[in-house]
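Q: Read top to bottom, the protein sequences are chains A and B. Position in the first sequence (first residue = 1) + 8 = my numbering. Position in the second sequence (first residue = 1) + 56 = my numbering.
Derived from the structure by calculation, the hints contain no laboratory data. The beta carbon of each residue, even a glycine, is placed where N, CA and C say it ideally should be. Some clues are possibly wrong.
[Unchecked claim] Residues from chain B that face chain A, not an exhaustive set, calculated with beta carbons under 8 angstroms:
(1) His99
(2) Phe146
(3) Gly161
[To be verified] Derived coverage of chain B by chain A (criterion: at least 3 residues anywhere in the stretch with Cβ under 8 angstroms from a Cβ of chain A; other residues may be distant):
(4) 82 to 95
(5) 100 to 106
[To be verified] Distance condition first, Cα-Cα at most 30 angstroms in a straight line; then the derived DSSO-like pairs of lysine-lysine:
(6) Lys65(A) to Lys105(B)
(7) Lys79(A) to Lys105(B)
(8) Lys105(B) to Lys117(B)
(9) Lys125(B) to Lys105(B)
(10) Lys65(A) to Lys22(A)
(11) Lys17(A) to Lys117(B)
(12) Lys105(B) to Lys17(A)
(13) Lys65(A) to Lys79(A)
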Amino acid sequence: NAGVTQTPKFQVLKTGQSMTLQCAQDMNHNSMYWYRQDPGMGLRLIYYSASEGTTDKGEVPNGYNVSRLNKREFSLRLESAAPSQTSVYFCASRPLQGVHGYTFGSGTRLTVV
Amino acid sequence: AQSVSQHNHHVILSEAASLELGCNYSYGGTVNLFWYVQYPGQHLQLLLKYFSGDPLVKGIKGFEAEFIKSKFSFNLRKPSVQWSDTAEYFCATDRGSTLGRLYFGRGTQLTVWP
Numbered sequence: 009n010a011g012v013t014q015t016p017k018f019q020v021l022k023t024g025q026s027m028t029l030q031c032a033q034d035m036n037h038n039s040m041y042w043y044r045q046d047p048g049m050g051l052r053l054i055y056y057s058a059s060e061g062t063t064d065k066g067e068v069p070n071g072y073n074v075s076r077l078n079k080r081e082f083s084l085r086l087e088s089a090a091p092s093q094t095s096v097y098f099c100a101s102r103p104l105q106g107v108h109g110y111t112f113g114s115g116t117r118l119t120v121v
Numbered sequence: 057a058q059s060v061s062q063h064n065h066h067v068i069l070s071e072a073a074s075l076e077l078g079c080n081y082s083y084g085g086t087v088n089l090f091w092y093v094q095y096p097g098q099h100l101q102l103l104l105k106y107f108s109g110d111p112l113v114k115g116i117k118g119f120e121a122e123f124i125k126s127k128f129s130f131n132l133r134k135p136s137v138q139w140s141d142t143a144e145y146f147c148a149t150d151r152g153s154t155l156g157r158l159y160f161g162r163g164t165q166l167t168v169w170p
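Work out the full structure: start from the sequences and follow the hints.
A: This is the structure in structure tokens:
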């Protein structure tokens with residue numbers, strides 16, 4: 009099925025551990041995004057990639073890094089996890105042509121203890 | 057500055073009641089507007105979008121929204137809600153840039169009692 013695939017779906021980390029969240033889309037979309045969702049805060053943009061080879065900071069980039077590996081894949085890395093990074097992370101993509109919103113992945117629920 | 061404001065944080069209704077969720081945007085130029093729904097434990101799904109033409113747009117599951125440019129509003133409506141409409145609803149805009157990111161409101165939690 010076409011769409012945005014995120015892995016893993018759930019993860020528990022200890023403070024200071026590192027991990028990479030994977031995201032891949034098979035819709036040939038140009039733009040890809042990483043958001044975090046916290047209760048009462050809505051969705052906050054962490055990083056985005058307007059096209060292959062480019063990445064830019066969003067509203068809350070501290071503590072994260074990203075890699076746009078190719079047109080399909082956009083990964084999010086936590087180098088040294090902190091409890092404040094406990095959240096649900098969503099990857100999304102958007103096509104270049106037409107007026108379209110995002111297609112979202114199913115999310116990664118991350119707990120940092 | 058917040059680009060999108062959703063006035064109601066939590067709305068509670070009984071089945072068959074009518075729904076209107078408020079959304080205001082602060083961008084002054086051409087805008088494209090979206091409503092997303094997030095069912096419990098799931099990701100966001102597009103309900104409807106407005107980009108031009110008829111300001112009354114219809115989406116899936118009986119939802120509609122009206123774009124009122126003079127009021128900078130894009131309110132979501134449904135004549136008769138069902139228990140299955142219990143979800144969180146997000147309004148968003150891309151500020152007219154089809155290449156750019158979306159700016160989301162903080163969401164409105166809708167609870168429908170059977």
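Q: Looking at the structure, which of the earlier hints fail to hold?
A: Failing hints: none at all.
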